[in-house]
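> The residues making up each chain are set out below.
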Amino acid sequence: MDGKGVRIEGLKKRYGRGDTAVDALKGVDMEVAPGEVVGLVGPSGSGKSTLLKCLGAVIEPTAGRMILGDEIIYDDGWQVDDLRALRRDKIGFIFQAPYLIPFLDVTDNVALLPMLAGRPNPEARRMALELFKALEVEHRARAMPSQLSGGEQQRVAIARGLVNRPPVILADEPTAPLDSERALAVIRILNEMARQFETAIIVVTHDEKIIPTFRRIYHIRDGVTYEEAGEGRAIA
Amino acid sequence: MISLAGRDIMHSLGKFVFTGLGLGLLIGITLSMAGIYRGLVDDGKALLDNSGADLWVVQRDTLGPYAESSSIHDDVWRGIRSLPGVARAANATYFTMQVRQGGRDVRAMVAGIAAGAPGTPGWPPYLVAGRQITRGHYEAVADIATGFALGDRLRIRRNLYTVVGLTRRMVSSGGDPMVFIPLKDAQEAQFLKDNDAIRQQRQRTGENPAFNRPQVPGLLEAVIASQSTNPYVNAVLVQIEPGHEVAAVAEAIRRWKRLTVYTRSQMEEILVGKMIATSARQIFMFLVILSLVSAAIVAFIIYTLTLGKIREIAVLKLIGTRNRTIVGLIMQQAVALGAIGFMVGKITATLVMAPIFPKYVLLQPLDSVIGFGAVMVICLLSSIVAIRAAMKVDPAEAIGG
Amino acid sequence: MKRFPVHKRTLVMLAGFLPLIALFIYVALRSGALAPVPVTMARVENRAISPALFGIGTVEARYTYRIGPAVTGRVKRLEVDVGDPVEAGQVLGAMDPIDLDERIRASEATVQRAAAQVNEAEVRHGYALAQARRYQQLLEARTTSEEIVLTKKNEQQAAEAGLNAARGEAARVRAELEALLAQRKNLDLVAPAAGLVTARHADPGATIVAGQAVIDVIDPAHLWVNVRFDQITAYGLAADLPVHIVLRSQAVEPRPGRILRVEPLADAVTEETLAKAVFDELPQPLPPLGELAEVTVDLPPLAAGPVIPNAAIQRLDGQLGVWRVSDGDLAFTPVTLGVAALDGSVQVRDGLKVDDQIIVYSARALHPRSRIRVAEHLPGVKP
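In the order they appear, the protein sequences are chains D, A and G.
The numbering used here applies: residue 1 is where the first sequence begins, and numbers increase by one.
The numbering used here applies: residue 1001 is where the second sequence begins, and numbers increase by one.
The numbering used here applies: residue 2001 is where the third sequence begins, and numbers increase by one.
If we strip away everything but chain D, and leave its shape as in the complex, we get (with noise of 0.2 Å):
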């Protein structure tokens, strides 16, 4: 690795104690290099939703180690102290939804996170508008967010996702409620993101029309991953 990307290594997790204990993830090995979009496969209950909460710091692991960047933030325990400082610099999310804040208008829904870290409001907002203008929502950038379409809200969701340039993105069925011109859409967008920001993107999904554009896909059974080959046919 090269200060970039993910890699997490044996990473286990088991829910509750004793009689009633469940392991959800057994060991899990996995590699995302920086501008690299993987898919995460996995039917329900095989652990996908633990691994990305693991990956995304939201629940601890059990065991195990996490790399992010080059930065050790798991190694049988938590190394970071504020994780919620880290998911604001280091990880971002892509929901199912947008879940953008109603009350906020759209570049300030993306702008909070860099002004969280810290920035100063005009260079937070200039930051999300150079992303709008990558993502061509840049005209809609005064708007509040009830008065965007769902494909513009999903591509401010991307915006809020990236701007605070974190070496991985956690997508989470992002084309679920989407068709599929919609759909391959996004995933054109997110690897152009990844290219251009150079960022690992992880993108969870049972989407089929999304998977073959993948060039590599984790699947994810009982809690442990195999990798394969995806067809990672090209985007239109």
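If you are wondering where the hints come from, they were derived from the structure by calculation, not from laboratory data.
One or more hints might be untrue.
Claimed, not checked - For each label pair, taking beta carbons as the anchor points, the in silico distance ranges come out as:
1) A:P1209 <-> G:P2300: 50 to 60 Å
2) G:A2206 <-> A:Q1227: 17 to 27 Å
3) D:I72 <-> A:R1322: 17 to 27 Å
4) A:R1281 <-> G:G2290: 49 to 59 Å
5) A:P1209 <-> G:Q2183: 30 to 40 Å
6) A:E1251 <-> G:R2258: 50 to 60 Å
7) A:T1304 <-> D:R188: 36 to 46 Å
8) G:A2206 <-> A:R1081: 43 to 53 Å
9) A:R1255 <-> G:L2265: 27 to 37 Å
10) G:A2116 <-> A:P1209: 45 to 55 Å
11) G:G2290 <-> A:T1278: 41 to 51 Å
12) D:P43 <-> A:R1322: 30 to 40 Å
13) G:D2267 <-> A:Q1282: 43 to 53 Å
14) D:G10 <-> A:R1322: 28 to 38 Å
Using N, Cα and C, we set each Cβ at its ideal position, and we do this for glycine too.
Got chain D sorted already, so can you dock chains A and G onto it with the hints?
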């Protein structure tokens, strides 16, 4: 950094303002209730302040003249006047009755004031219009709470009185407005029955052989004449010479066997402690209940406001918002709501409730300050409850299944 | 440029809340105990005031004649009723003589009998006198004894005495008869002067004791108003002062009159000075006796001087005075007052100068540290 609280407020401004208004009305009613309580106590004291007396001399063993009826002879004041330390002594009568004017009648306390000049004990201490009484009969000074105007002709018993002056806040301890008339007219009004009753009394006296003796011409007329006069008053109001002890002069008067004397503090105790005590207690209970209900509702509103944002709060936590930013969001909103509510409440209480409520509403600045403090404390405490709920939210919930 | 909409939003919000805040500040400062006390002010004027006194009284007759019998008796007849005018000397009625006529007749008979007895005594006296003279002549002719002459003289003297007695008796019974006749005349109820009958206390047949009045007659040409003035405001009351009298039944027409006299005896019980006021011209029709009247006495006007309205007078810490405003400062100024007029103006003898500014009306009681706000008239009071 932007103000999340401010943005949220502006985004749902209508809802926020509406909630603030509702809260404000509730706070306004609570403040008004405190004002009513204070007004009730003030009614009791206004009567004492306005009479200008240092001592009240009444019938022996009565709590008069306001709490209980008291009858003393109208020449008793002369003996009191001559005691050392007494600067002024004047008769006074008080009688609550219906006063008629035009087509309507008003319940008022008719006070009989001794003949003399402004400054005599019992006379209204200041006016808001017109002049004080100058003629010894058939003139009146009325409180504006009666609704009478200068020049109105009032009918009290069988005489007509012209309103020559108006006062403000001259009320009885029960809140009835006062009408001041000359003492002699008041004595007659308090005593005189209607014409039918007078005729019957004359007839009964005439049938009594003890009074109707043919050998003694003029006896019957003399007896009937004595029945038609009223030489009694309700109290003597006394003002003390400066430099003399009120208690000492009171004691000197008490040595007269058939009189009871009360000082200002004793009268206050009787009026506030006995006469209005029941109403005051009721109002105070209402005030407490209303305050508790208001507090509960404020807490509920703030809690609900926060719960409505619980998903946004989860998202904020997930994307890395610090706890203290989220706490600030909730607390700032609670405080803003409280401030708006208090302002609306104070304005409502002063401009709407106080003028229209039939009793006197006394809004004191101290009560407003305490009210503001209470509202802020309640808002902060209820925001803590909401904050705990917010803190418990698991950011992981933002990530589906 | 992109920042502007944010500012506009803030401005809109402030614009919305600003009225609320402004209203709140207004309410906090202007009402309740923090607010200044609204007052009205006036100038101490230099005026001559016309003091007046006010009293109420009843219309009464100056002369009331209560006519009744001198002895207990029964009323026989009454010729007049209430409202009838009578002349001086007119017989209004009579008491029942009962047995008086019979007694007069008896007395007349007695008088006659006494006269007859006088005759008899005269005859006897004449005879005795003649006999005494004859025997005296006989004594001088030495034909009778001295003893017989003495006897005859004795008889003459006795007869003289008897005649005197009879004459005295006749005079006595005549006097008795005259007495009964006078009594008989006394049974008539006679009006002592011209007037109007105002009361008839008994009807024929009723028994009246001596001293009880049967008929009241008044002189309607002489009515007066018996007025009472509170002693404390009766300074200056004197006879011959002009007055206005307002009768209760004619409330709008004050009638001119004057004070006839101030009673030397005041009413100590009611603490009132009594006086009698008469009309310059008696109202027609006559007001009923006992009707209430309001009497205003106009005292001679005083020289011009500082005058204040009595609404401004207050008492603070036992001192009588007014609130004076000089150079924006509020101060309680004790004053010495003089005479007051019925319209509320009071003369100031000491304490204030003409053109001083004083407070007349205030919405609340004032203290030396009160903040005041001068207004044309007080809120809530129609001018």
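> Do the beta carbons of A2116 (chain G) and P1209 (chain A) sit within 45 to 55 Å of each other?
Holds, at about 53 Å.
> Note whether the CB distance of A2206 (chain G) and Q1227 (chain A) lies within 17 to 27 Å or breaks it.
Since the Cβ atoms of A2206 (chain G) and Q1227 (chain A) sit about 25 Å apart, the hinted range of 17 to 27 Å holds.
> Cβ-Cβ distance between T1304 (chain A) and R188 (chain D): within 36 to 46 Å?
holds (43 Å)
> Holds or violated: 27 to 37 Å for the Cβ distance of R1255 (chain A) and L2265 (chain G)?
Holds - the Cβ-Cβ distance for R1255 (chain A) and L2265 (chain G), about 33 Å, lies within 27 to 37 Å.
> Determine whether the Cβ-Cβ distance between I72 (chain D) and R1322 (chain A) falls within the hinted range of 17 to 27 Å.
Given range 17 to 27 Å: holds, Cβ gap about 24 Å.
> Taking the CB of P1209 (chain A) and the CB of P2300 (chain G), does the distance hold inside 50 to 60 Å?
holds (56 Å)
> Verify the CB-CB distance for P43 (chain D) and R1322 (chain A) against the hinted window 30 to 40 Å.
holds (37 Å)
> Is 30 to 40 Å right for how far apart the beta carbons of P1209 (chain A) and Q2183 (chain G) are?
holds (31 Å)
> Is it true that the C-beta distance of G2290 (chain G) to T1278 (chain A) lies inside 41 to 51 Å, as the hint says?
holds (49 Å)
> Is it true that G10 (chain D) and R1322 (chain A) lie within 28 to 38 Å of each other by Cβ?
Given a distance of about 32 Å, which is inside 28 to 38 Å, the answer is holds.
> Using the beta carbons of D2267 (chain G) and Q1282 (chain A), state whether their distance is inside 43 to 53 Å or not.
holds (50 Å)
> Measuring from beta carbon to beta carbon, are A2206 (chain G) and R1081 (chain A) in 43 to 53 Å?
holds (51 Å)
Hint compliance for this structure: every hint is met.
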